[in-house]
Amino acid sequence: MNQKLLNLPNNLKILSTRLAGARSVTVLVLVRAGSRYEEKKTNGIAHFAEHMFFKGTKKRPTTLEISSLIDGIGGEFNAFTSKEYTGYYIKASTKHISLSLDVLSDMLTNSKFDQVEIDRERGVIFEELRMYLDTPVRYIGDVYEQLLYGDQPLGWDIIGTPQSLININRNDFFKFKDLYYAPENTLVSIAGGISHDDVRQIADKYLGGLKHKKTATYKPVKVSQGQPAVKLVNKKTEQAHFCLGVRAYPRRHKNHYKVAVLNAILGSSMSSRLFIQLRERRGLAYYVRSSFEEYHDVGSFVAQAGVTPKKIGEAVKIVIAEFAKISQESVGGEELKKAKEHIKGRLVLELEDSREVASLFGTQQLLEGKVRTTDEMFKKVDEVTESDIQKVASDIFKNKGLNLAIIGPYKDEAKFEKILKL
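Every letter in the sequence shown is one number past the one before it in this note's numbering, and letter 19, counting from 1, is 19.
Derived from the structure by calculation, the hints contain no laboratory data. Quick caveat: nothing in here was measured; it's all calculated off a predicted structure. Please note: incorrect hints may appear among the correct ones.
[Said to hold, decoys possible] Derived DSS-like pairs (lysine-lysine); straight-line CA-CA distance at most 27 Å:
(1) Lys40 with Lys213
(2) Lys59 with Lys177
(3) Lys235 with Lys40
(4) Lys41 with Lys55
(5) Lys325 with Lys418
(6) Lys13 with Lys219
(7) Lys254 with Lys398
(8) Lys344 with Lys379
(9) Lys254 with Lys391
(10) Lys205 with Lys175
(11) Lys421 with Lys391
(12) Lys411 with Lys311
(13) Lys55 with Lys175
(14) Lys338 with Lys379
(15) Lys231 with Lys311
(16) Lys4 with Lys214
(17) Lys213 with Lys55
(18) Lys112 with Lys55
(19) Lys231 with Lys325
(20) Lys59 with Lys13
(21) Lys205 with Lys55
(22) Lys338 with Lys380
(23) Lys211 with Lys58
(24) Lys400 with Lys418
(25) Lys177 with Lys213
(26) Lys213 with Lys41
(27) Lys222 with Lys41
(28) Lys380 with Lys391
(29) Lys311 with Lys415
[To be verified] The following label-pair restraints were derived from C-beta to C-beta distances:
(30) Lys411 with Asn167: 29 to 37 Å
(31) Asn2 with Lys391: 33 to 41 Å
(32) Gln227 with Asp198: 51 to 59 Å
(33) Asn171 with Gly208: 25 to 33 Å
(34) Gln115 with Phe80: 20 to 28 Å
(35) Lys344 with Ala216: 34 to 42 Å
(36) Asp297 with Lys411: 28 to 36 Å
(37) Asn2 with Arg282: 46 to 54 Å
(38) Lys254 with Arg346: 19 to 27 Å
Cβ coordinates follow ideal geometry from the N, Cα and C atoms, glycine included.
Put together the whole structure using the sequences plus the hints.
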């Protein structure tokens with residue numbers, strides 16, 4: 001792998017990653033314009049705008065013209081919105097890199113935001129919202145972050161609310177685009193069988209004309225917690241879903257790799273502690289996992305599972321017990337080694353896909369201002385010790401910091417507050 005960061009005169013950064021022998025290339029445009037950059041009255045506009053950029057430009061007036069062009073070369077194209085950034089990508093044969101940049105730059109600079117298309121897509125997003133609300137396994141993560149961050153941008157759902165979606169109008173799209181879609185707020189990550197010189201030349205052709213300007217930023221989140229907290233979404237379901245987590249570390253924190261290893265031990269694989277305890281030994285859950293989220297200024301570690309409603313109290317107690325155990329008892333050498341090899345092995349698999357490579361290194365450069373090489377990441381993982389895991393666990397797994405979000409047939413929060421004890 002050979003990598004180079006290119007800077008265009010307009011302050012746009014291009015991260016070029018050459019993958020020897022690759023016959024595909026992924027062009028990924030990342031913009032620091034996620035839902036935490038929104039105002040409450042237009043909550044959901046970052047995601048709504050992501051949809052609208054596919055709805056026609058002056059050069060390619062309809063969605064069909066854009067999609068037919070990419071389908072015609074056998075390419076993959078899509079987009080996604082998170083709380084801190086939005087991404088748009090095309091993955092295709094290396095010979096189509098110029099077309100990929102042409103289409104993406106056209107979409108992001110010349111979209112029409114046609115009123116008829118806005119009204120039509122609003123209906124599509126309403127259906128997407130209903131789908132999320134009717135899919136607890138997906139929606140429970142949003143409920144958990146509502147509990148963590150409350151009524152501020154990080155606590156709002158990315159997709160928005162019925163009321164905010166109705167309020168968003170054509171001018172709001174142009175205003176949002178003008179505030180955030182600019183060279184200094186954007187990174188283009190290109191990975192595949194390409195040369196850096198070709199990348200610079202093509203990128204300059206399609207993106208060099210963008211005007212440099214200052215962009216707005218997000219409002220820092222305010223957090224405060226002095227005791228365990230519970231949030232219930234009462235819903236008649238055959239399976240109850242819960243997220244039990246704690247506040248952790250923000251992006252670029254020195255404990256990043258320690259938390260990554262902690263996560264591998266607790267819940268990122270089928271041999272992890274939570275999976276064994278909840279599924280294999282007790283048969284309480286089909287799925288169980290843990291994960292950690294890092295934002296610019298805050299972070300979280302969380303375990304998630306779906307269980308029969310009558311067994312949710314038992315399941316929550318087991319997760320709490322595992323949090324307490326890893327805080328109090330040293331991890332064994334073999335278990336630590338397995339967790340590290342799991343992380344490194346998954347990374348190796350990701351590096352075989354140009355889209356994963358573009359995303360992995362692109363988000364690092366966009367959000368952290370630098371790229372960590374594979375060797376650097378492996379070294380950091382290998383440096384994590386048994387005592388590091390226990391120290392980090394005891395630091396984040398504190399009784400007052402427990403947060404439990406549940407979707408299921410329950411109304412009594414006090415019942416769950418009683419069992420939130422480490």
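Against the structure, the hints come out as follows:
For the suggested pair Lys40 and Lys213, the alpha carbons sit about 25 Å apart, so the restraint of at most 27 Å is met. The hinted pair formed by Lys59 and Lys177 meets the criterion: a straight-line CA distance of about 19 Å does not exceed 27 Å. The straight-line distance between the Cα atoms of Lys235 and Lys40 is roughly 26 Å, inside the 27 Å bound, and the hint therefore holds. At roughly 23 Å between alpha-carbon atoms, Lys41 and Lys55 fall within 27 Å of each other, so this suggested pair holds.
Taking the CA atoms of Lys325 and Lys418, the gap is about 20 Å. The hint holds against a cut of 27 Å. A distance of roughly 24 Å separates the Cα atoms of Lys13 and Lys219; the hinted pair therefore holds under the 27 Å criterion. The suggested pairing of Lys254 with Lys398 holds, with an alpha-carbon distance near 20 Å, which does not exceed 27 Å. Between the alpha carbons of Lys344 and Lys379 the distance comes to roughly 10 Å, so the proposed pair stays at or under 27 Å and holds.
Restraint check for Lys254 and Lys391: the C-alpha separation of about 13 Å stays at or below 27 Å, so the hint holds. Our distance criterion of 27 Å between C-alpha atoms is met by Lys205 and Lys175, whose separation comes to about 26 Å. At most 27 Å may separate the alpha-carbon atoms for a hinted pair to count; Lys421 and Lys391 meet this at roughly 19 Å. For the proposed pair Lys411 and Lys311, the alpha carbon gap of about 16 Å is at most 27 Å, so the pair holds.
With a C-alpha separation of about 18 Å, the suggested pairing of Lys55 with Lys175 holds against the 27 Å cut-off. Proposed proximity of Lys338 and Lys379 is supported: the alpha carbons are some 15 Å apart, at most 27 Å. The straight-line distance between the Cα atoms of Lys231 and Lys311 is roughly 18 Å, inside the 27 Å bound, and the hint therefore holds. The straight-line distance between the Cα atoms of Lys4 and Lys214 is roughly 25 Å, inside the 27 Å bound, and the hint therefore holds.
At roughly 26 Å between alpha-carbon atoms, Lys213 and Lys55 fall within 27 Å of each other, so this suggested pair holds. In summary, the hint linking Lys112 to Lys55 is supported, as the alpha carbons are separated by about 8 Å, within the 27 Å threshold. Under the criterion of a C-alpha separation no larger than 27 Å, the hint pairing Lys231 with Lys325 is consistent with the structure, at around 25 Å. For the suggested pair Lys59 and Lys13, the alpha carbons sit about 25 Å apart, so the restraint of at most 27 Å is met.
Note on Lys205 and Lys55: the hinted pairing holds, with a Cα-Cα distance of about 23 Å set against a maximum of 27 Å. A hinted pair counts as satisfied when its Cα atoms are at most 27 Å apart, and Lys338 with Lys380 qualifies at roughly 15 Å. Between the alpha carbons of Lys211 and Lys58 the distance comes to roughly 19 Å, so the proposed pair stays at or under 27 Å and holds. For the given pair, Lys400 sits about 13 Å from Lys418 by alpha-carbon distance, which is consistent with the 27 Å threshold.
Of the supplied pair hints, the one linking Lys177 and Lys213 holds, its CA atoms being roughly 12 Å apart against a limit of 27 Å. Between Lys213 and Lys41, the direct Cα distance comes to roughly 26 Å. Compliance with the 27 Å bound is thereby established for this hinted pair. Between the alpha carbons of Lys222 and Lys41 the distance comes to roughly 20 Å, so the proposed pair stays at or under 27 Å and holds. Taking the CA atoms of Lys380 and Lys391, the gap is near 17 Å; set against the 27 Å cutoff, the hint holds.
About 13 Å separates the Cα atoms of Lys311 and Lys415, which keeps this hinted pair within 27 Å; it holds. Hint check: Lys411 to Asn167, Cβ distance near 31 Å, so the stated range 29 to 37 Å holds. Between Asn2 and Lys391 the beta carbons are some 37 Å apart, a value that agrees with the proposed interval 33 to 41 Å. The given range of 51 to 59 Å is respected by Gln227 and Asp198, whose C-beta atoms sit roughly 58 Å from each other.
Asn171 and Gly208 have their C-beta atoms about 28 Å apart, which keeps the hinted 25 to 33 Å range intact. Checked against the hint of 20 to 28 Å, the pair Gln115 and Phe80 passes, with Cβ atoms roughly 25 Å apart. For Lys344 and Ala216, the hinted distance range of 34 to 42 Å is satisfied, since their beta carbons lie about 39 Å from each other. Distance hint for Asp297 and Lys411: a CB-CB separation of about 34 Å, consistent with the stated range 28 to 36 Å.
Checked against the hint of 46 to 54 Å, the C-beta distance between Asn2 and Arg282 comes to roughly 49 Å, which is consistent with it. Against the hinted window of 19 to 27 Å, the Cβ-Cβ separation of Lys254 and Arg346 comes to about 22 Å, which satisfies the hint.
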